[in-house]
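2 protein chains.
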Amino acid sequence: MAPAKALSNAFGKVFIATSVDGFIARPDGSLDWLPAGGDGGEDYGYAAFMKTVDGIVMGRSTYESVLGFESWPFDKPVVVMSRTLGSGDVPVHLRGKLRITSAQPAQLVAELRAEGWGSAYIDGGAVIRAFLAAGEVGEMTITRVPVLIGAGRPLFGDIGCDLRLACLASQAYPSGMVSTRYRVEAGGRVMVRNGGGDE
Amino acid sequence: MAPAKALSNAFGKVFIATSVDGFIARPDGSLDWLPAGGDGGEDYGYAAFMKTVDGIVMGRSTYESVLGFESWPFDKPVVVMSRTLGSGDVPVHLRGKLRITSAQPAQLVAELRAEGWGSAYIDGGAVIRAFLAAGEVGEMTITRVPVLIGAGRPLFGDIGCDLRLACLASQAYPSGMVSTRYRVEAGGRVMVRNGGGDE
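Each protein sequence line maps, in turn, to chains A and B.
When the letters of the first sequence are read in order and numbered with my numbering, they come out as residues 1 to 199.
When the letters of the second sequence are read in order and numbered with my numbering, they come out as residues 1001 to 1199.
This is chain A alone, in the form it adopts within the complex (with noise of 0.2 angstroms):
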C-alpha cells in the first residue's frame, strides 16, 4: 500500500466536548450533562480554534441542533452533508451562509480545496468518523467534561484500523474540564492491529 498520508496536511480539524466515557449525546441526543452556559466566560478555546479553520462539515444532526439555537452562530460558511436533504432544504435566512452535500469526504475535500479552503471544523460524531476513516482529520482537541453518563451517542467507532495520536498540550480548566489537543500521526488505512505492519 501506499505510504501514510502526511496528514499534518490533513483537512479537518475536530473540536468537540464529550463525557470521560467518550460520550457527546445520551442516547436521545440530550445534551443536559453539559455544563451549563457561560462557565464565567470561559470558552474553552473555542474562539480561537474557529479563527483556525475557513468553515465548517457538519452531519445532519449536528445542523438540526444548531437550527434549534435562537440565532445562527456561525460567521464561517457551513456545510451539512446528508443523504437526505437537498439544497432546497436551506432556509432562506440561511441562504449564503449554508449549503447542503451528499459527497463523501475525500470529494468534499477536494471540491472545498479547490474553492480555497485551507481545513474545515469538522463537528458531529458520524461525520467525524467518516474523517477519520478518510484519513482527512489532522487534529483534535477532545475536552473530557467531568461526569460518566453510563449511555449515548459515542464520539469514536471503529474504523478498522489504530489511529496513532501525538498529545500537543493539554489544559485543565478550573470547572474540571480537561481538553487535550492531538495531531493524528497515521491516517484510517494504516492497519497496526495484526503486529504493527503496514498493511
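Hints were generated in silico from the structure; no laboratory data involved.
It is possible that some hints are incorrect.
[As the list claims (entries may be wrong)] Computed from the model, here is a short list of chain A residues facing chain B with C-beta under 7 angstroms:
#1 Gly22
#2 Phe156
#3 Ile159
#4 Leu163
#5 Ala172
Since the model is a prediction, treat every value here as computed from it, not as a measurement.
Think of the CB as a built atom: it goes at the ideal place given N, C-alpha and C, for glycine as much as any other residue.
Take the given structure of chain A and dock chain B to it, following the hints.
Relative to the frame of chain A, chain B by itself:
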C-alpha cells in the same frame, strides 16, 4: 432516597490506562497498543499511587494476566474477586499474598475495613464497574494513551445513573500520555439522568 454517600470516604481508588477511545484492552484482551515498557523510567505516578492504598482488589481476568508476568509485582495484599475460583486455586508461591473471594463489593469493603484497610486499588474493568455501581470508588486516575484502537473492552459501562466527577489534577507527559485524577462526587445511587434531581 438518602443523601449521596460521602465519597471522600469511599474505599476504592482506580488507577488505569485507556486508549483515547476508552478501551482498556483489545477484544481479545491484548495490550499491544500500550507503550512498550520503560518510557525512560516514567511510571506515570504508579509508585506514588501505590503508597496510598492498603492493598489491591482485582478481577479474575486481571489476576490471570498478572500471573503471566515474570514475577508477582505486588508487595501489598491482593484480593481476587471471582465466582469460579476458590481458595484452593491460590498457587503455593502466592499463599499469604493473595486471597480469592466471592463477596460482592459492599460486603468485601466491610470485611477489609474490619481488617484495618483504609483504601484499596481497584483494578480490572468488571471490578471497577461493580465498585462504581456500589458507590465504592472515591478517586480515579485515568491515563489516556494517545491512540484510537476502535474496538475492545471498555473501561466504563452503564450503571443506570450519572456519576459526577471533579478533576483534582491533570498532567501531560512527553510521551503523549495524559493522566487525570478525578474525585467521584456523587455515588452510584444518585439518579440525575432525568432532570437533575435526586430520585
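For this session: Output the numbers, in ascending order, of every earlier hint that fails for this structure.
Result: Per hint list: zero violations.
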